[in-house]
Amino acid sequence: MSRVITLILNQRSVCQEEAKQTRLFVVLSIYTILIFLVSLSVGKYHVPPLETLKILLSTVLPVHQSWSDQMQNVVLNMRLPRLCVGLLTGAALSLSGATYQGMFRNPLVSPDLLGVSAGACVGAALAIILHFNSLGVQLMALIFGLAAVLFTTTIPRLLKNDSSLMLVLAGVIVGGFMSSLLGIFKYVADPEMELASIVYWTMGSFASIKAQAIVWVAPPMILSAAVLLLIRWRINLLSLGDKEARSLGLNVRRVRGLAIVCATILTACAVCISG
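When you read off a place in the sequence shown, starting at 1, and then add 32, the result is the number in the numbering used here.
Watch out, some of these pointers could steer you wrong.
[To be verified] No farther apart than 25 Å at their CA atoms in a straight line, the calculated lysine-lysine pairs in the DSS-like style are these:
| no. | residue 1 | residue 2 |
| --- | --- | --- |
| 1 | Lys-76 | Lys-242 |
| 2 | Lys-86 | Lys-76 |
| 3 | Lys-86 | Lys-242 |
| 4 | Lys-192 | Lys-275 |
[Said to hold, decoys possible] Label pairs and their computed distance ranges (CB to CB):
| no. | residue 1 | residue 2 | range |
| --- | --- | --- | --- |
| 5 | Leu-88 | Ser-237 | 22 to 30 Å |
| 6 | Asp-194 | Leu-56 | 35 to 43 Å |
| 7 | Ser-195 | Asn-105 | 24 to 32 Å |
It should be emphasised that the hints constitute simulated quantities derived from the structure, not laboratory data.
Fair warning: this is a prediction, and the values are worked out from it, not measured in the lab.
Yeah, the Cβ is synthetic: ideal placement off N, Cα and C, and Gly gets one too.
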C-alpha cells in the first residue's frame, strides 16, 4: 500500500513540474513577442509602436497607410531582418549548447566546443583577405566551420577511440590550430583595411543583415532544430553514459553523430551570419 501511495505522489509531482514548465514557457514566449515588437520601434530613427504594428499588419492585411515610406523601409528592410536573425541565432546557439551539454554531461559546455567558431573565423578571415563579397565571406565561414568539426570527429576515429573525452580533446586541438591560423591571417592582412574587417567580423554584428540572408540560413537551422527535438530523448540517454545507453539499446555512435551534425549546422549558420 505504501508503495502505491509513493508512486501516486511521484506521478503527481511530475505532473506539477510539467505544468510549471509549461506556464514558464508560455510566459517567456509572450515576453519574447513583446520585446520583439518593442525593439522594432527602438533605434536612431524613432518609429511609434502603433505605427510599427500597423506596418507589420499591412504586409498581410489592407491597412490604411498613415506612416511615411521611410518608416516602412526602416521597419521592414532594416530592423525586422536583424531581429529575425537575432532570434534565430540565439535559438540556434542555445539549442546546440544544450545538445552538447547533454552529450558530454557537462553544464559548462559551449556550442563552439568542437572548433566550429574558430573554423568559421578562419574561413571569414581568408575570404576577407581574398576580397570576397559579404555572401562569399559568409559561405567561407560556414564551410570552414563545418570542416573544423569534420576534422575534430576524424581524430578519434584515426585513434580508434570514440569516447566523449577523446572527442572533447580533439575539439580543443582543432580549436587551437584554427586560432593559430587566424593569428597568421591577421599578421599577413593589410593593417589599414583587411585587419580591421577581420577584427570587426570576429566581434560579431547584425548591422549588415539583409532580408536575403534569412532565406538561405533559416531552412537548415529549422531542419536541424527539428531533428534535435525529435531525438531529444535519445540525447538524454547519452547523458547517462555510453555503457548505460548501449545497455538500453541505443546506437550511441549513430545518435551522437546525428546530434553533432545538427548542432554543428546550427552553430555554423549562426556564426557565419552574425560573426
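Hint by hint, here is what the structure shows:
1. Lys-76 to Lys-242: It holds: about 18 Å lies between the C-alpha atoms, which stays within 25 Å.
2. Lys-86 to Lys-76: holds (20 Å)
3. Lys-86 to Lys-242: holds (22 Å)
4. Lys-192 to Lys-275: holds (17 Å)
5. Leu-88 to Ser-237: 22 to 30 Å: This hint holds: roughly 24 Å between Cβ atoms.
6. Asp-194 to Leu-56: 35 to 43 Å: Holds, since Asp-194 and Leu-56 (Cβ atoms, about 37 Å apart) stay within the stated range.
7. Ser-195 to Asn-105: 24 to 32 Å: Violated - the Cβ-Cβ distance for Ser-195 and Asn-105, about 54 Å, lies outside 24 to 32 Å.
The structure fails hint 7 only (numbered hints given earlier).
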